[in-house]
Amino acid sequence: MSLSSVPESISSETPWRTSDATPYVKIEKVTKRFGDFTAVDSVSLDIYKNELFCLLGGSGSGKSTLLRMLAGFEAPTSGRILIDGVDMSHIPPWERPVNMMFQSYALFPHMSVEANVAFGLKREGVPAAQVKKRVADILDMVQLSHLARRKPHMLSGGQRQRVALARSLVKQPKLLLLDEPLGALDKKLREETQFELMRIQEELGITFVVVTHDQEEAMTLATRIGVMNNGVIVQTAEPHEVYEYPSNSFVAEFIGNVNLFSGVVVDDERDSVTIQSDDMGGLIKVDHGISCAPNQTVSVAIRPEKLRIAKQSFDLFDSNVNCAKGQIIDVAYMGSQSIYKVKLLSGNEVRVTQPNVSRSSEDRLTWDDHVILTWDPDSSVVLTS
Amino acid sequence: MSSTTKGQSKFLLASAGAGFLFLYAPIIALIIYSFNASKLVTVWGGWSFKWYVALFQNEQIMNAAWVSLKIAFISATLAAVLGTMAGFVLSRMGLFKGKTLLAGWVTAPLVMPEVITGLSLLLLFVAMESLFGWPAGRGMTTIIIAHTTFCLAYVAVVVQSRLASLDVTLEEAAMDLGAKPSSLFFLITLPLISPAIVSGWLLSFTLSLDDLVIASFVSGPGNSTLPMVIFSKVRLGVTPEVNALATLMIVAVTVAVLAAVFIMRRQNKIEIPRHSCWR
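Chains as they are written, first to last, in the numbering used here: chain A, 1 to 385; chain B, 1001 to 1279.
Honestly, I wouldn't trust all of these hints.
Unchecked claim - Derived CB-CB ranges, DEER-like:
1. Thr31(A) - Val1168(B): 21 to 31 Å
2. Leu1023(B) - Asp36(A): 50 to 60 Å
3. Ser1165(B) - Lys49(A): 34 to 44 Å
4. Val1168(B) - Asp267(A): 54 to 64 Å
5. Leu1190(B) - Gln337(A): 49 to 59 Å
Said to hold, decoys possible - Covered stretches of chain A (in silico footprint by chain B; criterion: 3 or more residues with CB under 8 Å from a CB of chain B, positions within the stretch not fixed):
6. 104-114
7. 117-126
Claimed, not checked - Straight-line alpha carbon distances no greater than 27 Å define the calculated DSS-like cross-link-like pairs of lysine-lysine that follow:
8. Lys1050(B) - Lys1180(B)
9. Lys341(A) - Lys325(A)
10. Lys1180(B) - Lys174(A)
11. Lys1180(B) - Lys133(A)
12. Lys151(A) - Lys1180(B)
13. Lys1050(B) - Lys26(A)
14. Lys1180(B) - Lys132(A)
Derived by calculation from the structure, the hints in this document are not laboratory data. Beta carbons: idealized from backbone N, C-alpha and C, even for Gly.
Use the sequences and the hints to build the structure in full.
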C-alpha cells in the first residue's frame, strides 16, 4: 500500500524519513515467549537519536515486555537489541547505558529524595563532590530542591513522579525508558507534566522510549508512535500519520473514533479508487491509489469530524458518490462540539462530530432530522487489511 | 471504639470478657502468687519479694538461665542469617530444581511434632559423632544446632512473606541504576526486609528460650536449659521461686513481642502511602 500524501519535507529532525540515517536503537527480529505465550513476536524497530518514541497498545499487547527487554530485565527468546551500535544481548541491566522510570516510580522508601537520586551515580563511582553537584542540578531542574531531604512517603504523587524522573535522568543515559509515566497522575497534572517531559527531553537531548496505553498521551508526546497489538508492531509512523493514514482497521479503531465501511473496488485508477459500498449505500471515491486486486473487498475509514452533515430532504439530492442519507438517532452536546449518531438508509450507524459554530439553537440538528452526510475524496482512507 | 461500644450487644461484651479472662487469668494468678510470702504455693500468705531474692541466689537456676540466654542468642542469630537466605532463595530465585523440596523442608519444622524433630536430631548427632567425631558429645553446641534448625523455619517464613509483599520493581530500579546483585542486596533488599528479620530474630529468641522437648533430646550433662531445670523442679513440687522466674520470663517475652509489634508498625507507616499512590 502506498501513501502518496505523506508530507515530503525531510530534515535532520526526522531521520526516519531518510533511508540512510543510522538508527540509535536497533531492535532486530526480537521475540519473547513465556512458555506457550508469545508476548513479543519478531519485532523489528529502529529508533533514532533524540527521538521521543511511543509504544502504544492495550494491555497484553507486548509493549511493556519490549520495554523490559530494552532495560535488560527480560532476555529475548530470539533476536537482538543494539544500542548505539553495541549488542545488548549479554549485558546485564546494571551495565546498560539505559535508565528506566517505573510506572510505580519504585522510589526507595528508606532513602531521602537526595539519596534516591544519588544512588545511580554512587554505583558508578562518581566522586562525592560531583555527585552532590549533579544531584543538586537535576533536583533544581525538576523543581524539587526544597524537598531534597524528605522521604518518598512524605511527597505527593506529582512530586514522586518528578523524583523518579530526576533519578532516571541523573546518570545521563543514552536511552531513557518511561513506563506509563503519567499513568498515576490526575488529568490537570498530566497535561502539565506532558509538556514538562517534552521540554526536558529537548533540553537534555536524551532519546526517550515511552510505553503508554493512552492514545492522547502518545499523540502529544511522541515524535513517532509504534502501535502494538498481540506482540506485533502494526504501524510505526508520526502521530498525525497514524491518525490520518492508519495502515489497518486495528490502528484506525484504536486511535480516535472512526467509521468503517466495507466495500468492493469497482474502479482502480493510478491515483484514485472508487468503491461500491453496500454498508454505506453508494459509491466512495478516495483520492489515493492502492495496490489491490480488482473486485477485492476493502474497508474505508472516515473520521467522524471529516463528515459534513446537513438537514436536507432526500429527493432534492441525487448524487450517490461520497454521500449518505440517514436520520439522526442520537445527539450528544459536548459544548465545543456535538456528536451525532446517524442511522443510514442502509441500516448502518455512523458517528459524526461537528463544531458548534453558532450559538443559536434554532437551526441546530436534533433527533429524527433527515440528514445528508458528505465528505471529500481526500478525507477517507482505504484499508486493505 | 468507645463511642460504638454502647451500641454493641451484651453478648459480645461477655464474649470479650470471657476471652480476656481465659487468656490472662492464669498469667495474672501466676504473677500475684510470685509475690506470695507463704512457702506453700497454693496458700496466700501476704506480699513479699523474697522469692525473687531467693531466685537470684539459686545458682542452679541462674546457671541454667545463662545457658538458655546464650543458646537463644546464638541460635536466633544463626537462624536469622540462614532463614533470611532460605527465604530469599525461595521468593527470588524463580523455579529451580529442588525448590519444592526446599520449601517443604523449610516449613516442615513448623508442623513436625517436636518429639520427632528432637529424636531425629539426636540420632543424627550420635551418627555424626561415630562417623567423624563431631560434635563431640552433646551439650551447648548440639542444642544450638537443633534450635537453629527449627527457628530458621520461622525466620524463612517471615522473610519470605515480607519479600513477597515487597515491590519487585524496587529491586529492578536498583539494578537499572547500576547496582550489581551484591550491592542490590545489601543496599536495597536487606534494609527493606530488616523489620522482618528483626521480628524473626525475636521470635526465634523466644522460641529457643521456651523449648523443652528438643533441648531434652539433644542436651548433655551440665548443660541444662532453663525450661529443663524448671520442669525437673516442678516434678518435685512447684516452689514459689519458679513463679518468680516465670513472672520474669513473661516480662521479658512481653517486651520482645511489643518491640516486634512496634517495628512492624513503624514499617507499615512508611509503606501505606507508597501503595496508595499505586492504583
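Verification of the supplied hints:
Roughly 24 Å separates the CB atoms of threonine 31(A) and valine 1168(B), a value that falls within the hinted 21 to 31 Å. In this structure, leucine 1023(B) and aspartate 36(A) meet the distance hint of 50 to 60 Å, their C-beta atoms being roughly 53 Å apart. At roughly 41 Å, the beta carbons of serine 1165(B) and lysine 49(A) sit within the given window of 34 to 44 Å. For the pair valine 1168(B) and aspartate 267(A), the beta carbons lie near 58 Å from each other, so the given range of 54 to 64 Å is met.
Between leucine 1190(B) and glutamine 337(A) the CB atoms are about 57 Å apart, so this pair conforms to the stated range of 49 to 59 Å. A count of 7 residues in the region 104-114 of chain A with a Cβ less than 8 Å from any Cβ of chain B is obtained; the coverage claim is therefore met, three being the minimum. Restraint check on the region 117-126 of chain A versus chain B: 4 residues with Cβ-Cβ distances below 8 Å, three needed, restraint holds. Distance hint between lysine 1050(B) and lysine 1180(B) is unfulfilled; the C-alpha atoms sit about 60 Å from each other, more than 27 Å.
The straight-line distance between the Cα atoms of lysine 341(A) and lysine 325(A) is roughly 12 Å, inside the 27 Å bound, and the hint therefore holds. This hinted pair checks out: lysine 1180(B) and lysine 174(A) have alpha carbons roughly 19 Å apart, not beyond 27 Å. Of the supplied pair hints, the one linking lysine 1180(B) and lysine 133(A) holds, its CA atoms being roughly 24 Å apart against a limit of 27 Å. Between the alpha carbons of lysine 151(A) and lysine 1180(B) the distance comes to roughly 24 Å, so the proposed pair stays at or under 27 Å and holds.
For the hint pairing lysine 1050(B) with lysine 26(A), the CA-to-CA distance comes to about 83 Å; that exceeds 27 Å, so the pair is violated. Between the alpha carbons of lysine 1180(B) and lysine 132(A) the distance comes to roughly 22 Å, so the proposed pair stays at or under 27 Å and holds.
Going through the hint list in order, the structure does not satisfy hints 8 and 13.
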